[in-house]
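*Asks:* Those protein sequences? They're chains E and P, same order as listed.
Count along the first sequence from 1, then add 2; that gives the number in my numbering.
Count along the second sequence from 1, then add 1214; that gives the number in my numbering.
Simulated from the structure, these hints should not be mistaken for laboratory data.
One should not assume that every hint holds.
[As the list claims (entries may be wrong)] In silico negatives: residues of chain E with every beta carbon more than 12 Å from chain P:
#1 G109
#2 E144
#3 A157
#4 E162
#5 D255
#6 M259
#7 A269
#8 R327
[As the list claims (entries may be wrong)] Not the full set, but computed from the structure, chain E residues with beta-carbon under 7 Å of chain P:
#9 T148
#10 W159
#11 Q365
By construction, the Cβ of each residue, glycine as well, lies at the ideal position given by its N, Cα and C atoms.
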Amino acid sequence: MSDGTSPPSAALVGYGETDLGSLPDRGVEDLCAEAAGAALANAGLSAADVDGLVARTPSTEDLGGSTVPVIAEAVGISPIRWGVDVGTGGAAYVQAIADAGAAIEAGLADVVLVVAADRLRAARAEEGDDDLLGTAAGPFEEPANTVASLYAHVANWHVETFGTTREQLAKVSEIASTHAAKQRPERAHVQKTSTVEEVLSSPMIADPLTQYQCSLVSDGGAAFLVTDEATARDLGGEYAVLTGFGAEHTHADLSGMDDFAETGAAAAGDRAMAAADVAHDDLDVIGIYDCFSISVLQFLEDLGFCERGVSGALVESGALELGGRWPMNTHGGALAGAHPGPAGIFHVTEAIRQLTGAAERTQVEGAETALVHGNGGVFSTQAVAVLEGRIAP
Amino acid sequence: MSEADALDGSYSPRERAFADRLLAEGLVIPVCEACTTPTFPLPPRCPDCGADEWSFEPADGRGLVRGYTHVRRPSDSRFEPPVTSALIELEEGPAVIGHPAGDPPDVAVGDRVEFVEALVVYGRLRLSFSVQS
């Protein structure tokens, strides 16, 4: 029974991903089925073993019915005894670990599938949209704004308040591309490293954010399986467990954000790390939500990896690259790995890969403890999880 | 682009009523009659005390730029880039996102701005400000 500070018990026993990039021939249900099938195979489980679902309503398709039963049926797990549709944007897949763990601990399900897929790239091509930046501006928020331009307001604030340079912002994208370029081609949308200069000279979207500093537009999806630790041990092999969790959802529109200088990630991260009883030195690998370059700078500060205002220097220090103190987004993130919509799920599957020795060319040697973070809206929703690798005896 | 243009269908009834008020009266700030908290835009309930009784105070019109951007890829292709947007902290407390006018305007964090007018552009409300040099 959770004592209120410890997170619910949750063991992550399998993960699966579709190809990532441009997949015009696969719909959302197909992508979900593919990801779920891969996760089940990875875990050594069958669809019949799954009795709970965390799903996501796609933005590019009308599923024609309630999301949970449609996706449950598409992935072959119906009937289920517990199901939920996420609603916290990019924070949802980190929060889903706790959602699933809480349901399992309460006896409402034994094995929960978390799955999300979408096809922003195919949808853009089909609709002939030049850009799918999303009209995220609220009804009272300058109608020319998009998601990207709203984040850009915070970027200029950071630059002018702290002296952060455009090169430091761009370096975030360079690091992402370096990690993505080490992935198998089907696993990362970006196949080559972009230098800081190339990032800066990509088309300007909303000053200072250039295109390479904004999320990719991709197709694809992923899934992971959550169960209790006893079952994980029975399944054998390596798995990850949730040792700390925190969430903080603070505002809807950017104008509702009290202070650019602190998002909910600060409180969420404090709670997660306190519950896990870890300090930053204990973290071997990190996943930081990277919808835009500025997002990473903000969250590094909120999560205590550096003092407020100096994340630019941290980004340039090498600490966040493979071989550094805190290798970050070793899959390439939303900036260079994939962003089909539910980009945050890949930060979770990458953490599982790292903690179970399956991260291939970006494996952090001996990775035992990961911090995974997700963000939704305009710095609106935040979730942080600390995960530890385990080996079944 | 004129006040005669109608607001599009993305406005809820409450939002439309408040937008119409801004278009008619200029920048007004909803103030909770129960706890005197100012807020913007008009929410269904006071975020501090939950009450639903409002007075609408004419804003001084002055504010400070907390953040801004020059939008090069606007949401609507009818906008001619760049379009400048700023998050403005009003004297009264609430923050609004507005449009510092200019071609493009010379804006920096910390700049003083003044409200000019509310108007409808391509079906949506714009709050226009001028940058005080």
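*Asks:* Are the hints correct? Go through all of them and say.
*Replies:* Verification of the hints:
1. G109: Answer for G109(E): holds, closest chain P Cβ roughly 35 Å.
2. E144: violated (4 Å)
3. A157: Per Cβ check, A157(E) is inside 12 Å of chain P; nearest 7 Å; violated.
4. E162: It is violated; E162(E) is separated from chain P by about 4 Å at its closest Cβ, not greater than 12 Å.
5. D255: violated (8 Å)
6. M259: violated (8 Å)
7. A269: Check passes; 18 Å lies beyond 12 Å.
8. R327: holds (30 Å)
9. T148: At 5 Å from the nearest chain P Cβ, T148(E) passes the 7 Å test, so the hint holds.
10. W159: Holds, because the Cβ-Cβ distance from W159(E) to chain P comes to roughly 4 Å (cut-off 7 Å).
11. Q365: violated (37 Å)
Violated hints, in rising order: 2, 3, 4, 5, 6, 11; the structure is consistent with all others.
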